[in-house]
Amino acid sequence: MIKIKIRVLIIFLFAIGNIVAQSGEKRIVHLSMNEVIGKSLSDNLSLKSKMLEYDGQKYEEWKSYSLFIPTFNYQAVATNNLELPVFVFMGQQFIVGTKFAFQHSLDLSVPLFTGGTRWFNMKIQRSLRKSLSEELKGKEEEVILQSLQAYYAIMLSDAIYKTSLEAVEVAKANLEQVEKFYNAGTSTELDYQRAKAQYSSTLPSLEKARGEKALSLQRLKFLLNIDLNDSLVITDVLQGLDFLRDYKSLRLEDLKTISKEKRSDLKALAHKLYATEQGEKIAAGSFLPTVALSANVAHQAQLSNSSVMWNDYIRSKSVNLVLSWPLFEGGRRFVNYQQAKVQTEQIKTIIEQADKGRELSVEESFLSFNEAMANLESLKELTLQANESLRLSNLLYSEGMSTQLDVLNAQLFKTSSDMQYYQGLFAYNVSQLNLLYSIGMLNELWNKN
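Basically our numbering = 1-based index in the sequence shown + 896.
Hint data in this document are derived by calculation from the structure and do not stem from the laboratory. Each hint can be trusted.
Calculated cross-link-like contacts (lysine-lysine; reagent style DSS-like; alpha-carbon spacing at most 25 angstroms):
| hint | residue 1 | residue 2 |
| --- | --- | --- |
| 1 | LYS1026 | LYS1237 |
| 2 | LYS1117 | LYS1058 |
| 3 | LYS1177 | LYS959 |
| 4 | LYS1109 | LYS1276 |
Please build the complete structure, drawing on both the sequences and the hints.
What follows is the structure, given as C-alpha cells:
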C-alpha cells in the first residue's frame, strides 16, 4: 500500500513538473511585415482599449434611443401607520386612516415634449460614436506606424550588428597578419600599434549594436503584446520598398489635398464639432416647457389588521398630463447655454490648429522622403566605392605596394559606408510610412495586402 502511494506521488510530481516546464517554455515567433500588421491590429493593448471605448459609446447611443420609449413601472407598498392623525371637532375625536395600508400599482410615463433634449442627445451620441470610429481608424494607423518603425529598427540594428561583427573579425584578422609581419621584422611598430588600436576601437561599436538589437526586439514585443521572454525571428531583410506606389509622383499640394479628405483626426474633430453644436441646442431647449403624459392603475387596501385578502383591494385609475415650465432657476440655464457656446468655439479652435498641423506634417514628411530618397542613391554609390577601395587596398598591401594604414582607412571607410547605407534604407522606408500616415492613407498597407 505504501509503495502504491509513493508511485502515485512520484507520478503526480512528475506531471506537475511537466506542466511548470511547459508554462515557462519560450516560444519562437516568426514575423513578416504582413504578420506584424495583423498582430498589431489584433493584439496591441492601446488599440484594444480604444476598441472598448468605441464599444462603450455604441451602448451610449442605444441608451439615447431608449429615451423615446415609454417607461413602465410596478410598485408594491405595505404601510404600518404607527400613529394615525386625530382631529378634534366639537369635543369629538376623529381618527383619520387605518392602521395598515397596502397598495399595488402600475405606472406608465411618456414624455411628449422635452424641449428637443432627447432628439439632440441622440444626435450627440451618434456623432460621438462616429468620432470614436474615426479615432479608432487613426489609432490603427498610429499603432501600425509604430510597429513597422520598430520592425524596421530591428532589421537596421541587425544589419549594423552584422557589419560591426564583420568589422571586428576583419580588424582581428588584420591584427594577426600585421603581428606576423611585425614578428618577422617586415612591419613597423607603428603599424602593429595601429592594428591593435583599430581592433580595440571596433569592440565598443559591436557591444552597442548588440544592445540596440536586443532593445529593438523588446520594443516590438511590447507593441505586439508578445511575451518579453519569447524569441522573435524576423523573416524579412532590410531593403528599400515602394510603399508610396502612385503617391510618389504627386506634388506637395496634391498630397495636402488628399490629407484634408482622408485624415481621421480631422474627421473625428468634425463629428465632435457637430456634437457640441447639438449641445448648444440642448442648452437652448432647457428654456422651453416640458410636457409628459402618465397613466396609473392602483389597487389599495385600507385595513385595521395585516390580514389582507384580494377582495379587500379597491381599484383606481388615473391619467395625467403634466406641463412643467421652470421660470427662474438662478440663471443656471443661461450659464449652461454660454458654456455650450464656449465649448463649440473651443472645438473650432482645435480644428483650426489641427488643420494647420496637418499641412505642416505633410510638408515635413514630403521633404524628409525626398531627402531620404536622394541620400539613398548617394549612399549606394558610396558603398560601391568603399567596397572597391577596400579590395584594392588589400590587394596592394599583399603585394607590398601600399601601407597598412591604407588598409585600415579603407576598412573604416567600408564599415562607415555600410552603416550609413543601412541607415539610409531605414530612413527611406520609414519616411514613406510617415508620409502615408501624414496624408491618412497608411491603411492601404493592410487593406491592399
